[in-house]
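Kindly produce the complete structure, drawing on both the sequences and the hints.
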Amino acid sequence: MGTVTATRHGTGRILRVAGPLVEAEHVGGTAMHDLVALGERELPGEVVAIRDAVITIQAYEYTGGLAPGMPCRPLGRPLSAALGPGLLGGIFDGLLRPLRTAGAWLEPGAGGGGDEQRPGWTFTPRAAVGEEVAPGDVLGEIHDAGPVPLPALVPPGCAGTVERIATPGRLAADDAVATVAGAVIPLTTRWPVRTPRPVRERLRTARALNTGQRAIDLLFPVALGSTVAVPGGFGTGKTVLLQQIAKWCDADVIVYVGCGERGNEMADVIEEFGALTDPRTGGRLADRTVIVANTSNMPMMAREASIYTGVTVAEYFRDMGLDVVVIADSTSRWAEALREFGSRTGALPAEEGYPAGLASAIAAFYERAGAVTTLGGRSGSVTVIGAVSPPGGDMAEPVTAHTQRFVRCLWTLDRELAYARHYPAVSWAESFSRDTEALDAHHVTEDDPDRPARRARVAALLAEADRLADLVDLLGITALPARERVSVLGGRLVREGVLQQSALSERDAYSGAEKTAALAEAVLAVVARCHELADAGVPAEHVEEVDFSPVLRAREEAGPHDAATVDTLRTTMLARLGEVS
Numbered sequence: 195m196g197t198v199t200a201t202r203h204g205t206g207r208i209l210r211v212a213g214p215l216v217e218a219e220h221v222g223g224t225a226m227h228d229l230v231a232l233g234e235r236e237l238p239g240e241v242v243a244i245r246d247a248v249i250t251i252q253a254y255e256y257t258g259g260l261a262p263g264m265p266c267r268p269l270g271r272p273l274s275a276a277l278g279p280g281l282l283g284g285i286f287d288g289l290l291r292p293l294r295t296a297g298a299w300l301e302p303g304a305g306g307g308g309d310e311q312r313p314g315w316t317f318t319p320r321a322a323v324g325e326e327v328a329p330g331d332v333l334g335e336i337h338d339a340g341p342v343p344l345p346a347l348v349p350p351g352c353a354g355t356v357e358r359i360a361t362p363g364r365l366a367a368d369d370a371v372a373t374v375a376g377a378v379i380p381l382t383t384r385w386p387v388r389t390p391r392p393v394r395e396r397l398r399t400a401r402a403l404n405t406g407q408r409a410i411d412l413l414f415p416v417a418l419g420s421t422v423a424v425p426g427g428f429g430t431g432k433t434v435l436l437q438q439i440a441k442w443c444d445a446d447v448i449v450y451v452g453c454g455e456r457g458n459e460m461a462d463v464i465e466e467f468g469a470l471t472d473p474r475t476g477g478r479l480a481d482r483t484v485i486v487a488n489t490s491n492m493p494m495m496a497r498e499a500s501i502y503t504g505v506t507v508a509e510y511f512r513d514m515g516l517d518v519v520v521i522a523d524s525t526s527r528w529a530e531a532l533r534e535f536g537s538r539t540g541a542l543p544a545e546e547g548y549p550a551g552l553a554s555a556i557a558a559f560y561e562r563a564g565a566v567t568t569l570g571g572r573s574g575s576v577t578v579i580g581a582v583s584p585p586g587g588d589m590a591e592p593v594t595a596h597t598q599r600f601v602r603c604l605w606t607l608d609r610e611l612a613y614a615r616h617y618p619a620v621s622w623a624e625s626f627s628r629d630t631e632a633l634d635a636h637h638v639t640e641d642d643p644d645r646p647a648r649r650a651r652v653a654a655l656l657a658e659a660d661r662l663a664d665l666v667d668l669l670g671i672t673a674l675p676a677r678e679r680v681s682v683l684g685g686r687l688v689r690e691g692v693l694q695q696s697a698l699s700e701r702d703a704y705s706g707a708e709k710t711a712a713l714a715e716a717v718l719a720v721v722a723r724c725h726e727l728a729d730a731g732v733p734a735e736h737v738e739e740v741d742f743s744p745v746l747r748a749r750e751e752a753g754p755h756d757a758a759t760v761d762t763l764r765t766t767m768l769a770r771l772g773e774v775s
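Position in the sequence shown counted from 1, then plus 194, gives you our numbering.
Be aware that one or more of the hints could be misleading.
Unchecked claim - Here are the in silico distance ranges between beta carbons for each label pair:
{"hint": "1", "residue 1": "PRO386", "residue 2": "GLY324", "range": "51 to 61 Å"}
{"hint": "2", "residue 1": "VAL740", "residue 2": "ASP481", "range": "40 to 50 Å"}
{"hint": "3", "residue 1": "THR361", "residue 2": "PRO585", "range": "55 to 65 Å"}
{"hint": "4", "residue 1": "ALA243", "residue 2": "VAL666", "range": "51 to 61 Å"}
{"hint": "5", "residue 1": "ARG364", "residue 2": "HIS755", "range": "36 to 46 Å"}
{"hint": "6", "residue 1": "ARG599", "residue 2": "ALA635", "range": "17 to 27 Å"}
{"hint": "7", "residue 1": "ASP644", "residue 2": "ALA243", "range": "53 to 63 Å"}
{"hint": "8", "residue 1": "PRO585", "residue 2": "ARG677", "range": "17 to 27 Å"}
{"hint": "9", "residue 1": "ARG320", "residue 2": "GLY376", "range": "14 to 24 Å"}
{"hint": "10", "residue 1": "THR766", "residue 2": "ASP664", "range": "26 to 36 Å"}
Hints are computed from structural coordinates only; laboratory data are not their basis.
We treat Cβ as the ideally placed atom computed from N, Cα and C, and that holds for glycine.
As C-alpha cells, then:
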C-alpha cells in the first residue's frame, strides 16, 4: 500500500470503503475502540484494528457516498452512552441517539433525531459543600424523570470534597450537579458501552423475578440478576412472550433492545407500551421503560453496538439500587452482524462462518448481568433475557449452542406446541432453570413452603404424560391401563388449565403468584381424585367422559390475583368427580 501520511495534523485520509468496513490512515494517538468521524458528513465509526499505519473502522451508518481521500477525524474517546434522567420513556437507536424527534427516514450523519428539547428536571441537593463523598454516593435527587425520584450519584473514579452543589431548581442535561475535588459532575455523564460499570461486590441472590407467565414462574423460575436464553424458530411466539415479560415482570426498569427485528414488531412494542397502564405505579408502562430500536433496515454495525448500549443503560439504573431487566430481541441478529463484519475484514471463520471469538463475545455479554452491591452500598440487579432465532429451528447451530453454555435459564419454545396454538409455547422437556434450587430454598423459608413440591408434582405429571404419548400414538388410548389413561388426561389438564395463557386476555395475560399456585393445586387435586377413581376400579372411560370445564375455565374466570374463584371452581370440580361411578 506504500507509505501513508496524515493529510493534516489530527486528521487522516480514508483509504478504502467496503460496506461498513473502512480503512484509513493511522493518526497519532488513535487507540482501539476509539470513535472516528468519517467524511464530510462525519459518519460515526469505531476503530476495531490497527496494523502498521492503517486503522480498520466499523462504520455505524450507511457508507454510500463515502470514498477514498475523504477525511477521517479521530474523536479521542470510545463509543459511549449518555446516561442521565432523559432515558426513561425514551426511544433511541443503537448508539443511544433519540428517535422521537427523527424524521420518517434516518439520513446518514443526521445523528438520529438530535437532542430532544427538554425543559429540564427538578433537582434537590442531598449533599453539602465540604462533605466528603465517594463513588456511588448520592449528591441529590432528580424529579420529573420517571415514576420515582432518581438519585444523582458521584460517578465511578471520582471522590473527594464537595466544593459546589447545585441549588434546588431546574437543571438541563448538561448542567453541573456538583464539583467534587475539582471535577465538575454534569447531570448527564458518559460511559463506554463496552466497559462494565464497577460494583463493590457481586451477590448470590435468591429473589425471584416474577414474570406473570405461569409456565415460567411455576416450572422454570429465574432469579433477579440471572440470565435467560429464549430460543425458538419462526412463528413460535418469541417476540410476544418477551413483550409479555416486559409488560408484567416486577422489575423497576425495563430496557427493551430491538436488535435487528422487523420494524412493524418494534412499532407494536412502542404502541402497546405507550397505551398500557403500569400495574405497579398506575401511570404509563412506558414511563419506566427504555427502548433501543435498531431494526433490520437500520445500519448493521449499529445493531452490533445496540446490545452493549442497552446493558450499559441497565447498569446505570442498577447503580441507583434498582432491579433492571434487559430484553434483547434477538441476539442472533447481533451475531449475524459480527459474522458479516468478520467476513469483510478477512477474519478466520469458524463454524457456519461465525467469527472464532463468537463464544467469548456471547459470554462477555451475559456476564454483565448480576445482582450486586453497588459502589454506594445499595442492592441492585441486571437480569438479561436474550432471544435466539436459530435458522430453521436448528437448536444445534452455533449461537444457540454457545448461548446455552453461559445462561442460567433456558426457555425453549417448541414449534409443535405453537402450531397447536398452545401459548406460551415453552417446552417443559427442553427447558431448564439452574436457579430453581436457590429459589426453592427461599420460598420454603419465606412465603410458600409448598412451592417446590408443587412444581415437582406438575413436572412429574407432564413427564409421565409425554412418556405415554408415544404409546398412545402407537397402540391407541384404549390399550393403556386405567391409571395410565388418567395420567394422559392429567397431562392435558395441566397443559390446558395451567400452562396455557393468552396474551390477549384481560384477565389472564398476567398471573400473580397466588393465582398460579391455586391453579396448579386445583389441577393436581383433580388429577389425584381421578387416580383414586381409577384405582378403585372405575372404568377409565367414565372418568374421561366427565366435563372438566370448571377447572379448565378457571384461568379465564379468575382475575390476575384471584385465588378464591379458582378454589371455588376446584370444589365444584371435585364434587362432580364424586358422582362418578
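Going down the list of hints, with the structure as the test:
1. PRO386 - GLY324: 51 to 61 Å: Between PRO386 and GLY324, where Cβ atoms are some 32 Å apart, the hint is violated.
2. VAL740 - ASP481: 40 to 50 Å: holds, 48 Å
3. THR361 - PRO585: 55 to 65 Å: At roughly 58 Å between Cβ atoms, PRO585 and THR361 fall inside 55 to 65 Å, so the hint holds.
4. ALA243 - VAL666: 51 to 61 Å: holds, 59 Å
5. ARG364 - HIS755: 36 to 46 Å: holds, 40 Å
6. ARG599 - ALA635: 17 to 27 Å: holds, 25 Å
7. ASP644 - ALA243: 53 to 63 Å: Holds, since ASP644 and ALA243 (Cβ atoms, about 57 Å apart) stay within the stated range.
8. PRO585 - ARG677: 17 to 27 Å: Because 43 Å falls outside the window, the suggested range is violated.
9. ARG320 - GLY376: 14 to 24 Å: holds, 21 Å
10. THR766 - ASP664: 26 to 36 Å: holds, 34 Å
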